[in-house]
Amino acid sequence: MEIINNILASINQLYSIVILFGALFISLFFGLSKRKELKIFIIIITALSLIAAFVANIYNFISSGTFSSFLFNLETQQVIEICVVLFIALNILIFISFNNINKSQFIKIIIIFLFSVCSLVMLSLSSNFIMIFVSFTGLTIGIFQLLAVLNNIDLRSYLVRFFLISTLAVIVLLAGFSVFYGSTDFKNFNQIFESKNLMASPLIAIGIILFSAGIYLYLFIFPFQGSYLKIIRRCEQSSVLVIWFLYFPAGIFLFMKINKILFYFIEKNSFYLTAVFIFIAFICLLCGNLGAIKTKSIRRILSFIFLSFLGVSILSYAMVGSGLASKDRVEWFFMANIVLLVLSYFPIYSVITTIEKSKKTSSLDNDSLENLKGFARVNKYIGVNFIIILLSFLGLAGTAGFINRYFYIAPFFKLIIFQPEKTAVTSNTVFSILITAAAIIAFIFLAVNILRLIIVVLAKPKTASDMGAGLFENKIDGNIQFAKFYYIYITAFSLIIIAAGVIGLLEILNINLGLVPFRITGF
Amino acid sequence: MNLQLITYFSFLILLSGLFGVSFYKSFLSILISFQLIIVSALINFFSFSLFLYNESVWDKTFTLLGIISVYLLMFSIVYYNFATGGKIRDKAPFEPWDDYPLFKLDKSDWWGEDTLGNN
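Sequence order for the protein chains is A and B.
Under the numbering used here, read the first sequence as residues 2 to 524, first letter to last.
Under the numbering used here, read the second sequence as residues 393 to 511, first letter to last.
No lab work stands behind these hints, which were simulated from the structure alone.
Don't take every hint at face value.
[To be verified] What follows is a list of derived Cβ distance ranges for each label pair:
#, chain 1, residue 1, chain 2, residue 2, range
1, A, Asn429, B, Leu464, 41 to 49 Å
2, B, Met393, A, Ile27, 34 to 42 Å
3, B, Val449, A, Leu9, 23 to 31 Å
4, A, Gly515, B, Ser414, 37 to 45 Å
Predicted model only: the values in this text are computed from it and were never measured.
Here a beta-carbon is modelled for each residue, glycine too, at the ideal position from N, C-alpha and C.
Using the sequences and the accompanying hints, generate a full structural model.
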């Protein structure tokens, strides 16, 4: 009994990982089974383990507080990251189950999926270089295998090219770690940051350059976006969500791990690094939004917008360099952008998958914007929710999308208002103008893209005679049959978006109604 | 041999690997370029460990686990490619879809539509 108590005490802060590994272990016993009852059992076990891990993660943090060991580190940021990952995992599980339950290798898919989620949670918790690298590589292996098993072999060349770039990114990170090791025998980024003398070492600078290059490649930021866009256009439906919300967050978490060191260099070489970050962000914002405008494929539109949001996140580094934002705010921006994408993309994509499935013609243009035409008129309930979600993504005040827009644009205007009249124009003032202009342009372009979607869904629907062979399953008026679950799913997301938006707006206006025990507009 | 010389040598190998990755397009050449970058990282680890940190245990653990995980990733990709009918040898006749130019710039990646079936 004492041994068990000791074991439980030693893993006290890692219950979320233990629960997930428990579910993974149970699933392993049924890996070869093709029985539908067992598949449903495994789905239930997986869903329950994700929910239990979510609760354990929050409960442990509240009861035991922060935690740090040789390999792991748990602070508020990690708790939020893990909660977001588990929420994402639960949603992806729903899509994987809906799309693949009839496949003979379904339980194997769930096993690989659980392994990927465990790796992502471990990556978030890791502080030691060994743990960071191994969990990151493990996650890449897991996602590669997941995509390989979810898709048929037609995708081979695209999948291989995509993951060759990811492998290159992983190997460049290995080279980066080797240089870090040369500059100091410290084992994690915090130790490096705390030793200010070592920060002047050129090897640390080379390590940071290699590390950032690795993450840049991994995230397929412009101009390396080709393989990512091609695979998103062609892969099976739930794979798209795996790439967006299991693959990309890993790169973003890695960025967040080197934040402190990046901030040190930004403060030291404020001018050059701020200019570099503005340039990268501007390229992402411009190319992402223009690319989205010039295509009719919904998957490509969402992919381009996702890349532009990565640009918006990178812009926050430039905001630190020019003094527009604090360091804590950057971490908030990264998490807020991920959460906004999660809250918008999952319900939007649930509608799009249903439309793609209901189309009977060849797969060439299943995701064409034309297929959404008139959708909100004939499916009024889902249509209204769909438009609310789009409006939130557009940045309407009172919805979740407004909050991060506000914190990108408001600091500049506050700076102008509180600045004395005869202040000399410095490089920081010019950078602040450029950053705010880039953010405003990006949000206008994004609004145009969203308005385009709203106009299409509100347009006059196609009739059966217009469609020739019949576009949708129900040939009479273009009405699409949604599963009952999707009504609940999309409504839940609309309510979350409105609730978060209202609470955020009240916090911005400094009105505290005590609705939630934490602030959503800041850590 | 001194540490400086070894570091220059490892940096040269790293650059050769990066050149290979960006220049070649056949699967095998890209894998070989990956090896060069890995070898460069290994040289760094071992040389720093030997000259600066008296052969610490930590770097051996990192090297071992890191190399196992990276090679597992590469093995997964090679095996998948081989098992699904992809070619790994750079031999004629060589089909265009067996090329993997990692940094190919395509107009459709920036502008307009991406036609399905287009490699």
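These are the hints, each one checked on the structure:
1. Range check, asparagine 429(A) to leucine 464(B): about 47 Å between beta-carbon atoms, so the 41 to 49 Å window is met.
2. The hinted window of 34 to 42 Å between methionine 393(B) and isoleucine 27(A) is violated, with their beta carbons roughly 53 Å apart.
3. The supplied range of 23 to 31 Å is met by valine 449(B) and leucine 9(A), whose beta-carbon atoms lie about 29 Å from each other.
4. The supplied range of 37 to 45 Å is broken by glycine 515(A) and serine 414(B), whose beta-carbon atoms lie about 56 Å from each other.
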